[in-house]
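Novice: If you want the building blocks of each chain, they are given just below.
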Amino acid sequence: MVLKLIREVLKVGQATLPYPFTPVELAPGFRGKPEYDPQQCIACAACTIACPPNALTMHTDLEQGVRTWSLFYGRCIFCARCEEVCPTGAIKLGHDFELASFSREDLTIRAEFRLAACNLCGAYFASAKELEHVLALLDQAGLPPEDAANRKALLRACPECRRKMDLPRVKPLVQEAFNGRV
Amino acid sequence: MLLTEEKPKIGQKYVDALRQQFGWSIQEEAWQAPDQVTVTVELNSLPSVVETLYYQHGGWLSVVAGNDERPINGHFALYYVLSVEGDEQAPENKREKCYFVVRTLIPPHQMEFPAVTPRVPAAIWYEREVRDMFGLQPIGLPDERRLVLPDDWPEGLYPLRKDSMDYRYRPEPTTEDETYEFIDVEGEGIVQVPLGPLHITSDEPGHFRLYVDGEHIVDADYRLFYVHRGMEKLAETRMTYDQVTFLADRICGICGYAHNVAYSTSIERALGIAVPERAQYIRTILLEVERLHSHLLNLGLACHFVGFDTGFMQFFRVREKSMKMAELLTGTRKTYGMNLIGGVRRDILKEERTQTLQWIKELRQEVTDLVAMLLETPYIVQRTQDIGRLESKVARDYSPVGPTLRGSGFARDIRVIHPYCAYDRVPWTLTYKDGCDVLARTLIRAEEFFESLSMVERCLDTMPEGPVLTEGFRYKPYAYALGYVEAPRGEDIHWSMLGDNQKLYRWRCRASSYNNWPPLRYMLRGNTISDAPLIVASIDPCYSCTERVTVVDVRKKKAQVVPYKELERYCRERKHSPLK
Ligand code: SF4
Ligand code: SF4
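For the protein sequence lines, the chains are A and B, in the order given. Using this note's numbering, read the first sequence as starting at 1 and increasing by one per residue. Using this note's numbering, read the second sequence as starting at 1001 and increasing by one per residue.
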């Protein structure tokens, strides 16, 4: 028994790696730290809603018209939900997993985005880039020009003004429904 | 609920039998799946109904869930979940197996219920926990100590009540000292040995107290839950139901994926989602890959505790291959994060399949050699045979699970009794033994290891092509169901109820070790203290280990604290007793 064991031990040789002096080999699909490209990001907030541990957060300042996207790697669990839901491919998991740091700040990344102001009342309402993104998508949708223009006008207004714009259209419908009792 | 009338209902005959016996006490009956039924019973008949199912219809207690349903129906509710498997004398194929949930409602002005524990001992921890978490008093429960809540937690603050507290609230400690009262074992010459506050096998927190007469253990008591993380509360308040899969992954560092599948399937069942075939196979493969690394870890520890450390190193070396396998197939070594409600997130590609099959071949050879070496070690059998006996009677009364139960002669494995994923489509052989000792439990793990290897191979060979995720289902408020998985240490079971806000109303997740802790006391009795670490390791406990042990000498009536490392050394060398 002992002999067999010694033979086995000799056959295997050294099993441990001199990590961190040699890199570890990772599987091709390894999920490491999310890499973020603010150029691609439209600040739509889809990733911040999906992120299970709230590593991703979004803060919207309606006074200043700024939306801040931030990712705190200290909470991140490398799950890739953000990558899955991102409409533009702005966030993707890489292979890096060695994140040790002396300060929390090093583990946080942020990006700021301008908010679009409503073309009727001037209030800030949505991310400007997200709006552009949606408008561009509309262009590609190939709608009849008049229809497209109407929809675009609607999109440039804040939800409150949109409701008001809709009122004249909706009112007769409601009145009809209630048989003129309103 | 999801069922149309025509589908066969497995377990109907038990409902009928109860109606016969208990008449009007048996009220509503609701089906969550063809083999899953929830029956509401009148409060006072609760103990008799559970006892009847347990001892007359071959029931085993899987979990008990408390639920504050005041916002829904004005009451607190208790759900006693039993796996009812038919008369044990009847032939195997005649036995109808289902999950039978006994539900009872408690009016909020009453706040008490008749305890089931005096009739069915398996309920002991559950009823203590329900008292801690909801303030519901089990009348007739002899043990009045807290189970889950810390001793310095304020009186009258019940964390899982819907109106009690925010999940972030951390009340001030009410006392400076540990006030937990360990049991009193009186008798000439009994010594107490406290083991703790860290785990006896894997450096996790728990406090053991062994009562010894000389070197012989007379009784044992333990205090666990030092690291309760409040996950159920977190899931119910902070997360959406589809994010909880990622939290379930983190319940356990060993069987996280098993919990993940148990959770996902509970929701899929509640919502009536059909998971694609291929996803079922992928889940099965990953569950077995998880068993590989878990069993190798426990076999390694078994070597360590009998003083065969080279073996320990070798098992851990080959275990690395199973970790790489997980990394290859899921993108990470642990916390696979593979499930979404409705299926899995990534497929298994051709190259991954080829590599996995190659590794399986290598593992089979390497582990065969190692196990042979372990068994040839002269003292291994001597150190483990007839040690830490879990008698069949005790096992029957306490509903332990996994290799702990299968070592005591019961052929119970959830993969066979209630097949889920692809377990009813890949042939495999169930292992059980009747040695009732540490040896039996260790051998079962070794055999199961090889069975898992074959299962992964068969699944990779026969899995159908197709999609891996079902999308576009509807969230149904207040739907509920069970999800269950045979994890490496036994059944993991989740009872989930959806809310009306994309969240869970209630999530009860029960890890396998929860059912294996209460009978441990009986396994320790009658052994010598040098065997204690070995016995505890034989249930492959998950609580997170014990650095110190209190030894209570019942003859000299004195208590002595032994550093855990010292006890572990004694277990390995069996020389120089720390008690002398
Ligand atoms: S990988 Fe997961 S945890 Fe990390 S930022 Fe993305 S969604 Fe959040
Ligand atoms: S989902 Fe993508 S585009 Fe939207 S905020 Fe997140 S990173 Fe930016």
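Just to be clear, a hint being listed does not mean it is correct.
Reference excerpt, derived from the structure (chain B facing chain A, CB under 8 Å, subset only) [to be verified]:
#: 1; residue: E1327
#: 2; residue: G1331
#: 3; residue: M1373
As a list, the in silico DMTMM-like pairs of lysine to aspartate or glutamate whose alpha-carbon atoms are at most 20 Å apart [claimed, not checked]:
#: 4; chain 1: B; residue 1: K1334; chain 2: A; residue 2: E8
#: 5; chain 1: B; residue 1: K1324; chain 2: A; residue 2: E98
#: 6; chain 1: B; residue 1: K1433; chain 2: B; residue 2: D1397
#: 7; chain 1: A; residue 1: K11; chain 2: B; residue 2: E1366
#: 8; chain 1: B; residue 1: K1324; chain 2: A; residue 2: D96
#: 9; chain 1: A; residue 1: K11; chain 2: B; residue 2: D1369
#: 10; chain 1: B; residue 1: K1361; chain 2: A; residue 2: E35
No wet-lab data here; the hints were simulated from the structure. Ideal placement from N, C-alpha and C gives every residue a C-beta, glycine not left out.
Novice: Does each hint hold? Answer for all of them.
Specialist: Cross-check of the supplied hints:
With a least beta-carbon distance of about 5 Å to chain A, the hint placing E1327 of chain B at the interface is held under the 8 Å criterion. A distance limit of 8 Å between C-beta atoms decides the matter here; for G1331 of chain B the minimum to chain A is near 4 Å, and the interface restraint holds. With 8 Å as the threshold, the beta carbon of M1373 of chain B comes within range of chain A, its nearest partner Cβ sitting at about 6 Å, so the hint holds. With a C-alpha separation of about 28 Å, the suggested pair K1334 of chain B and E8 of chain A falls outside the 20 Å cut-off, and the hint is violated.
Between the alpha carbons of K1324 of chain B and E98 of chain A the distance comes to roughly 18 Å, so the proposed pair stays at or under 20 Å and holds. In summary, the hint linking K1433 of chain B to D1397 of chain B is supported, as the alpha carbons are separated by about 18 Å, within the 20 Å threshold. A threshold of 20 Å between alpha carbons decides the hint, and for K11 of chain A with E1366 of chain B the separation of about 12 Å falls inside it, so the pair holds. At roughly 17 Å between alpha-carbon atoms, K1324 of chain B and D96 of chain A fall within 20 Å of each other, so this suggested pair holds.
Among the hinted pairs, K11 of chain A with D1369 of chain B is consistent with the structure: their alpha-carbon atoms are about 13 Å apart, no more than 20 Å. A hinted pair counts as satisfied when its Cα atoms are at most 20 Å apart, and K1361 of chain B with E35 of chain A does not qualify at roughly 37 Å.
The structure is inconsistent with the numbered hints 4, 10, although it conforms to all the rest.
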